[in-house]
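A.B. asks: Chain residues, written in single-letter form:
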Amino acid sequence: MSVAPKNNSSSDDSKALTTSALTKDLISTAIITLLVLIPIVAMKTVIGQGIISIVYRFGMAFALTGIVVGTRLFLHLFVWHKAPSAGSKSTLTSGLKSVSFSETITKYIAPGLLIFALLFPVFTFFHPIWDKRVMDLAVYILIYIMLGWGLNVVVGLAGLLDLGYVAFYAVGAYAYALLSTVYFPQWFGTGILPWAFYITLPVAGLLAATWGVVLGFPVLRLRGDYLAIVTLAFGEMIRLVLVNWFSFTNGPQGISVPKITFFGLPFKDAPGSFSDFFGIQFNRIHFYIFLYYVILTLALITYFVTKRLRRLPIGRAWEALREDEIACRSLGINTTTTKLTAFAIGAMFGGFAGSFFAARQGFVSPESFVYIESALILAIVVLGGLGSQIGIVFSAIAIMGSFELFREMDFMKVVLPSGTEPIQFRMLAVGLAMVLMMRFRPRGFVTKREPTVFLKEKKSVSGDLVAEGHG
Amino acid sequence: MMNWTKDPELQVQHLTMRFGGLTAIGDLSFDAGRKQITALIGPNGAGKTTVFNCITGFYKPTEGMIKLRHPDGKEFLLERMDDFIITQKAKVARTFQNIRLFSGMTLLENLMVAQHNTLMRASGFTIGGIFGSGHFKRAENEAIEKCKYWLNKVNLTERADDAAGDLPYGAQRRLEIARAMCTNPRLLCLDEPAAGLNPRESDELNKLLLSIRDDHNMAILLIEHDMSVVMGISDHIVVLDYGRKIADGTPNEIKNDPAVIRAYLGVEEDENEVAVGSVKVADLVNEGLAVHANVPTRTVPKVSASPKKPVATKTVVKKPAAKKGGRK
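So the sequences go chain by chain: A and B. Numbering of the first sequence is given in my numbering, commencing with residue 89 and proceeding in unit increments. Numbering of the second sequence is given in my numbering, commencing with residue 3 and proceeding in unit increments.
As a list, the in silico DSSO-like pairs of lysine-lysine whose alpha-carbon atoms are at most 30 angstroms apart: (1) B:150 to A:395; (2) B:257 to B:69; (3) B:139 to B:93; (4) B:150 to A:544; (5) A:546 to B:148; (6) B:148 to A:395; (7) B:155 to A:544; (8) B:37 to B:257; (9) B:139 to A:395; (10) A:544 to B:209; (11) A:546 to B:155; (12) A:544 to B:139; (13) B:150 to A:546; (14) B:91 to B:150; (15) B:148 to A:544; (16) B:209 to B:150; (17) B:93 to B:155; (18) A:546 to A:395; (19) B:93 to B:69; (20) B:139 to A:546; (21) B:8 to B:62; (22) B:62 to B:37; (23) B:148 to B:76.
Just so you have them, the derived chain B footprint on chain A, three or more residues with Cβ under 8 angstroms: (24) 384-398; (25) 418-425; (26) 540-548.
Keep in mind the hints are simulated off the structure, nothing from the lab. Glycine is no exception: its CB is placed at the ideal position from the N, C-alpha and C atoms.
Between the sequences and the hints, there should be enough to build the whole structure, so can you do that?
C.D. replies: Structural data, given as C-alpha cells:
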C-alpha cells in the first residue's frame, strides 16, 4: 500500500474527491446559480392595468439554487467519482476516495441535513399555498425515515431479514388507539385525554419491544429465506388479528383516536386551544408544524440512540453476528440474547412511530398495516445501503417523495391513455427504479461501512467485504 | 516424562462421537498439560476437528467426559455446556480451519468483539453505556489497550484500522489467534494455524505460540499437519487415526512409533514388517515432507531418499474420509 500510490497517484489525485475541493465547487455552483437565477427567477415582471411591476420571488430562487447544489453534490458523490471498474487501480482509487468520501459524509452531509430539517418549516413559508401539503409530506417522509432507522437495527446491523416489521408499527398505533380511547378514560377519567399521546408513547414502545421479543423467540433458529417467510407471516398474523378480533379492536372499521395536542393544548379554533392560549390567529399549519417537530424529535432520538448503540458492545455484537454467527459463539457471545435485543430495539422504534402515526391520523385501521408497508420500509433500508443511517434518509426521500411526486404529474395525462391517472403508475416506476438500482448500485446508496472504533485513522470499509447477514 | 497426566488442564476421557452410523471418534482419552503445547495429529479424516468441536461445544459428544481444570481448582465439564458458555465461563478459545474473521470489520473491531462479555458488564448491559458512564469509558480504554498489545504481538499494529478481509492469508491466521487470545482464555485450541503459511510465516507462528505458552502460561491444543511446526514446538503429541488414538507421547517418542508410521505411510498386508522397519516419521520430517491439509484423499508423499528395501509407497487401501458437515 505504501509504494503503490506513487505509481498511480499523479493521474488519480486530480480525480479523487477531497472535501475542500468539494466545498469550493459547491459554493461556486451556488454563486453562479444565484447570479443566473436572481434576474430570471427572483424578479418577475407582471403586467397589470398598464403598469409593469416587479414581483420578487427570492424564496423560489433560493429553493432552486438549493436543488442545483444538492443535485451537484449527489452527482459528485455517486456518479462522477465512481471508482474504475477493474484493474489494480480500482482498489487504489477507491482507497483514496473512501477516506475523503467518508469525511464528507460525516462532516458535512449529516449536520447539513440536520440544519435543513430544523429550518424546514421556515422555508415553507415562502410558499404559502403549498405549505400544508409540503409539511404533511415532510411528516410522512420522516415517519418512514424513523421506521427505516428502526428496521436498520434488525436488518442492517444484525443482518436478520425481517419482512414483518409493520407488525410493530401496528402494535404501537393500536396501543395508542386503545389506551387513549378505551383504557385511559376508564382508569384516569377523560381529563387525561389531551396528554394521552405523551403517556402512551413510552408504553407503546415497550409493548412493541415485548412483541419483538415474543415474535423473536420462535425465529431464533431460522436463517435466510426461512426467517423472512416466518417474519412475513407474523406481520400478516398481527394484521389479521386486528381485523378479526372485533370486540377488542373494532375490526376493519378502525378506531377514531384523539389527535396530538401541544402538551395538552388542542389545535382547534376554540377557546382553550393552542392558538387561543398564545393569542395568535388560528391556522391549521400550526398543527402540521408541531407534528413535524414531534416526529423530527422522535426520528433524531432513533438516530442518536442507534448510532450510540453501534459503538457499544451490543452494537458491535450485532454487526459481528451479521458477519459470522459461529465465530460470535466461539468468542463467548450469547447469540440468542443478541438477536432478541436487536428485534426488541428495532420493534421499539417501530412502536414509537406507530403511536405517532395514530396521533397524526386521528384514526387507525388494519388497512394501514398491510404487507406492502413492510416491503417499503425494507426497500428504504436496502436502498439506503445496509447499515447506513444517512443512506436511509436519501432513500426514504427518494421512495416516499417519488410517490407523492406522481400525484403532481398532471402533464403525464397528455402522454398516458385517457382515463388513467399518473398515480396508478407509481409502483411501476418504483419497481423500475429498484431494477436500475440493483443494476448500478447493488449495495445501496452508501456502500461503505464506518468503523465503530479506530486507533489512528478512520478508514471506511468497502461494502464488498461487509457481509449481508444470514437472512 | 508423562508430566501432562499429573496436573492436566484438560482431561478427555472415553470420548465417542457418532454421526449416524459413522463413528468419528471412538473411545478417545488424552490429557493436555498446563503450560504445554499439545498437538493433535493424524491423517485427513482422522477426527481431529471433531475432537475440537466436542471440546469447544460445537458438537455434543455421544459418550465420554471432557473436563477442564483451572489452576484455581475450578472444574468444568465441557460436554454439558453450550458453546458460548464454554468460552465465557470455562475460558476455552478456538480458531477455525477455514478462517472465520469478521471480514467487514476492522482489525481493532474484531479484537473488541472478542472482549464483548467484559465490555457488556462494564457498560451496565448497555444501559450505562447509552448514558456514557465513566466506568464504561475506562473499561473501553482498557480493552483498546489490550487490543493494541495483541496487535503488536502479531505484528499487525500498522493495519489496525483496515478491514480484516483485506489482510493477506497469513495475517488473517495471526489475527484469528490474537482475537481468540482477547477472550482471556485458559486453553487455546488452534485448528491448523499453519495451513497455507510459507516457511518464514510458520516460523513466526512458532515463536508466537511459544510466547503465548511461556509468557501467558497458557495451555495450547493444536491440530496441525505441518510437521515442522508440530515437531518444533509441541511438548506432547497425540496421534489419531480413524477416530482412535494410536500414539501419545513426546515428539521424540512419536517420531519412532511404528503405529504412527503405519498410519502415515500405509503398508501392504504382506509388507508390514518391512515398512515399519525402514521409514520413520523423523525421516519424513527431515525430508521436509509434511503431510498437508486439504489433500482430498490420503496420499503418500514420495519418499525421495532411497530406502534400502522396497517400501510400501503405494497408497493404503483408501477408506472414505469421514466427512463431517459443518454446523449449520
